[in-house]
Amino acid sequence: MEITHQEFKHCELIKVKGRVDSSTAPQLAQTLETANENGKHKLVIDMSELEYMSSAGFRALLAAQRNSKKYNRGEVVLASVPERIREALELAGFTELFKTFDDPLHAVGYF
Amino acid sequence: MQTVQFPAKFELLDEIREFVGRIARENGFSEKDVYNIQLATDEAASNIIEHAYEGVIDGVLDLSCGMKEKALVIILVDHGSPFDPAEVPLPDLQADLADRKIGGLGIFLMRKLMDEVHYHSNADKSNVLTMIKRKG
Numbered sequence: 000m001e002i003t004h005q006e007f008k009h010c011e012l013i014k015v016k017g018r019v020d021s022s023t024a025p026q027l028a029q030t031l032e033t034a035n036e037n038g039k040h041k042l043v044i045d046m047s048e049l050e051y052m053s054s055a056g057f058r059a060l061l062a063a064q065r066n067s068k069k070y071n072r073g074e075v076v077l078a079s080v081p082e083r084i085r086e087a088l089e090l091a092g093f094t095e096l097f098k099t100f101d102d103p104l105h106a107v108g109y110f
Numbered sequence: 000m001q002t003v004q005f006p007a008k009f010e011l012l013d014e015i016r017e018f019v020g021r022i023a024r025e026n027g028f029s030e031k032d033v034y035n036i037q038l039a040t041d042e043a044a045s046n047i048i049e050h051a052y053e054g055v056i057d058g059v060l061d062l063s064c065g066m067k068e069k070a071l072v073i074i075l076v077d078h079g080s081p082f083d084p085a086e087v088p089l090p091d092l093q094a095d096l097a098d099r100k101i102g103g104l105g106i107f108l109m110r111k112l113m114d115e116v117h118y119h120s121n122a123d124k125s126n127v128l129t130m131i132k133r134k135g
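Residue numbers (numbering that gives the first Met the number 0), protein chains in the order written: chain L, 0 to 110; chain F, 0 to 135.
For the record, the hints were derived by calculation from the structure and aren't laboratory data.
Listed below are the simulated DSSO-like cross-link pairs for lysine-lysine, each with C-alpha atoms no more than 27 Å apart in a straight line:
#1 Lys98/L with Lys31/F
#2 Lys8/F with Lys111/F
#3 Lys69/L with Lys41/L
#4 Lys14/L with Lys68/L
#5 Lys98/L with Lys39/L
#6 Lys134/F with Lys31/F
#7 Lys41/L with Lys14/L
#8 Lys67/F with Lys134/F
#9 Lys8/L with Lys68/L
#10 Lys39/L with Lys68/L
#11 Lys31/F with Lys16/L
#12 Lys16/L with Lys98/L
#13 Lys8/F with Lys124/F
#14 Lys100/F with Lys68/L
#15 Lys100/F with Lys14/L
#16 Lys100/F with Lys39/L
#17 Lys14/L with Lys31/F
#18 Lys41/L with Lys100/F
#19 Lys39/L with Lys8/L
#20 Lys100/F with Lys69/L
#21 Lys111/F with Lys69/F
#22 Lys31/F with Lys69/F
#23 Lys98/L with Lys100/F
#24 Lys98/L with Lys111/F
#25 Lys16/L with Lys8/F
#26 Lys16/L with Lys41/L
Heads up, incomplete: computed chain L residues facing chain F, CB under 10 Å, no partners named:
#27 Asp20
#28 Ser22
#29 Thr23
#30 Met52
#31 Ala55
#32 Phe57
#33 Leu61
#34 Gln64
#35 Glu82
#36 Ala87
#37 Gly92
#38 Phe93
#39 Glu95
#40 Leu96
No residue lacks a Cβ here, since even glycine has one placed at the ideal position from N, Cα and C.
Work out the full structure, taking the sequences as your base and the hints as a guide.
Here you go:
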């Protein structure tokens with residue numbers, strides 16, 4: 000797993016590449032927590048190069064969504080979610096908890 | 000059936016997924032099924048590492064995988080604390096953000112993604128989790 004950041008005026012774009020499982024999810028959770036601690040509560044997760052995500056990754060996203068929504072207009076949104084991952088998120092009932100966008104730029108434009 | 004013994008560590012999940020993924024692919028499962036078989040196996044192994052071997056540093060996990068008639072059979076054997084996935088309550092998927100429970104999700108996915116999930120805790124202190132995915 001590899002994480003890169005890009006700052007925009009109204010939000011932060013966090014790109015997660017590779018595979019997120021119980022081994023790598025803590026690093027994702029930490030990244031999202033750090034963003035929240037630094038006052039970034041509007042987050043776009045770019046999943047375009049994400050190959051795999053288990054429930055450990057879903058839990059990290061859920062924790063970040065809870066944290067972000069405590070703040071005014073804070074929110075975590077997902078962009079370019081690969082089909083297999085979207086299916087698993089749907090099965091887990093997560094698609095109702097996250098807005099999803101076809102590409103990162105539309106997601107950035109949402110904020 | 001092919002069997003490989005893995006150290007019960009999260010760092011081995013990549014190899015665990017590759018092992019079942021390769022056998023599923025060799026037996027003609029679709030890419031969607033391969034992904035879901037890998038996800039279910041990952042969730043099963045993660046639960047064993049996290050719960051059955053909680054506080055244990057040298058646990059091992061015997062993973063077997065192969066075709067039986069027209070179904071892929073995956074068997075995970077551990078020697079940790081008994082942990083029956085069936086006893087974990089299902090998460091409430093209708094709950095809103097604040098009430099959404101963090102636990103139980105992996106087990107829920109395992110049960111949804113596979114056709115059958117069975118668990119048996121033996122007197123010799125081995126726990127056997129069997130998952131079956133039928134083709135097509």
